[in-house]
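Listed below, chain by chain, are the residues.
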Amino acid sequence: MAELADIANATIRQEIAEYLDRPVEIERNIALFARTRPLMQEIAVAVIEGDQVACDRLTRQALEEGVHALEIMDDGLIGGMGIVGIKFRENFIFVPEVLACARSMKAGMAHIEPILSAAGVEPVGTVVMGTVKGDLHDIGKNLCIMMLRGAGFSVIDLGVDTAPDQFIAAVEEHGAPLLGMSALLTTTMPNMGRTIEAFIDAGLRDDVKIMVGGAPVTQEFADDMGADGYGKDALACVALAKQLLGVAA
Amino acid sequence: MTKIDKTAYQARLDRITELFAGMVAKADEVSRHRCPYRDRADQCTAAFRCRNQRPPAVTGDPALCGHDGRFDYRPAWETDPSAYARAKHKIGRVKADAARRRRTPPGTEE
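As you go down the protein sequences, you meet chains A and B in turn.
The working numbering puts the first sequence at residues 20 to 268.
The working numbering puts the second sequence at residues 3 to 112.
Check before you lean on any hint, since a few could be wrong.
Chain B regions said to be covered by chain A (calculated; three or more residues, Cβ under 8 Å) [to be verified]:
# : stretch
1 : 17-27
2 : 46-53
Simulated restraints on C-beta separations [what the hints assert, rightly or not]:
# : chain 1 : residue 1 : chain 2 : residue 2 : range
3 : A       : G139      : B       : P108      : 46 to 52 Å
4 : B       : C52       : A       : Y38       : 26 to 32 Å
5 : B       : G71       : A       : D220      : 42 to 48 Å
6 : A       : Y38       : B       : A13       : 24 to 30 Å
Derived from the structure by calculation, the hints contain no laboratory data.
We treat Cβ as the ideally placed atom computed from N, Cα and C, and that holds for glycine.
When you get a sec, could you build the whole thing from the sequences and use the hints?
Pasting the structure below:
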């Protein structure tokens with residue numbers, strides 16, 4: 020049986036020793052990282068530390084060295100994210116750190132996507148996501164994006180304070196069949212309705228499905244503003260995105 | 003370039019989804035007592051002003067979160083039902099204005 024000392028990377032050893040408490044998880048992570056290449060451990064550390072630049076560089080390096088993309092996912096990106104999940108569950112880190120880790124993972128996945136494409140594995144669908152005009156809240160939207168990307172969607176993130184014409188431009192530019200809008204304030208929620216009306220004015224409403232979400236949003240509001248669907252949280256967002264695009268769950 | 007088997011890749015996506023789903027559920031749970039913009043160092047990561055923000059110990063650092071952790075962050079909006087009524091009215095007006103505008107031939111607006 021592998022032991023902690025068998026793991027080459029000191030940061031991984033420290034993470035396991037300091038943050039993991041459940042014997043089954045300690046054993047599983049020691050077994051995983053004790054057999055992985057040092058470079059995979061470095062990628063896992065980049066994910067754990069939310070270091071996008073390092074994750075980008077190390078994933079590219081690994082692919083150039085001929086490491087299989089699935090090995091990078093298993094031993095580096097997912098391996099690191101597994102520890103992130105445990106640290107979050109045990110309240111050692113919080114939502115901002117988790118989102119930074121997810122962005123690092125995405126930076127690594129960006130190098131794997133061309134390989135997927137070459138192998139005929141296309142994204143589940145393309146989604147444009149943004150928080151509406153006048154609203155600077157982004158946590159809910161970012162959790163949705165994390166989930167959508169994890170489920171294999173290609174996501175165009177427009178960030179916060181997004182005007183209707185920015186949503187329209189992004190949907191047109193990327194040929195996205197799906198748009199997701201978020202609002203956290205009752206005062207900005209009507210801007211979802213304004214954006215939907217802007218799509219009608221632009222003659223694009225029939226070309227794109229529109230889903231809405233955010234703390235004050237309800238199914239009733241979604242119906243009022245003419246959205247195609249409402250997701251109450253990030254899990255529902257993925258299910259709704261699949262449903263609206265006719266993708267098997 | 004290494005090839006990827008679609009089924010094997012889907013298995014990884016399923017694993018990532020499982021991991022993320024647990025995190026989202028945890029985020030929902032934590033948001034009952036801790037602002038989701040508050041990081042592990044108790045710094046506020048929000049890009050907007052909040053009444054709970056406190057000056058940082060070192061000038062130039064992000065503001066600190068001064069919240070006492072005693073409210074449920076998620077339904078904070080529900081404390082003002084009239085805000086919902088105003089939003090509903092506004093959404094109705096947005097739709098009505100748009101419909102009226104579309105009925106009005108260009109160049110004949112008042």
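Hint check results:
no., hint, in the structure
1, 17-27, "holds (count 10)"
2, 46-53, "holds (count 4)"
3, A/G139 x B/P108: 46 to 52 Å, "holds, 48 Å"
4, B/C52 x A/Y38: 26 to 32 Å, "holds, 29 Å"
5, B/G71 x A/D220: 42 to 48 Å, "holds, 45 Å"
6, A/Y38 x B/A13: 24 to 30 Å, "holds, 26 Å"
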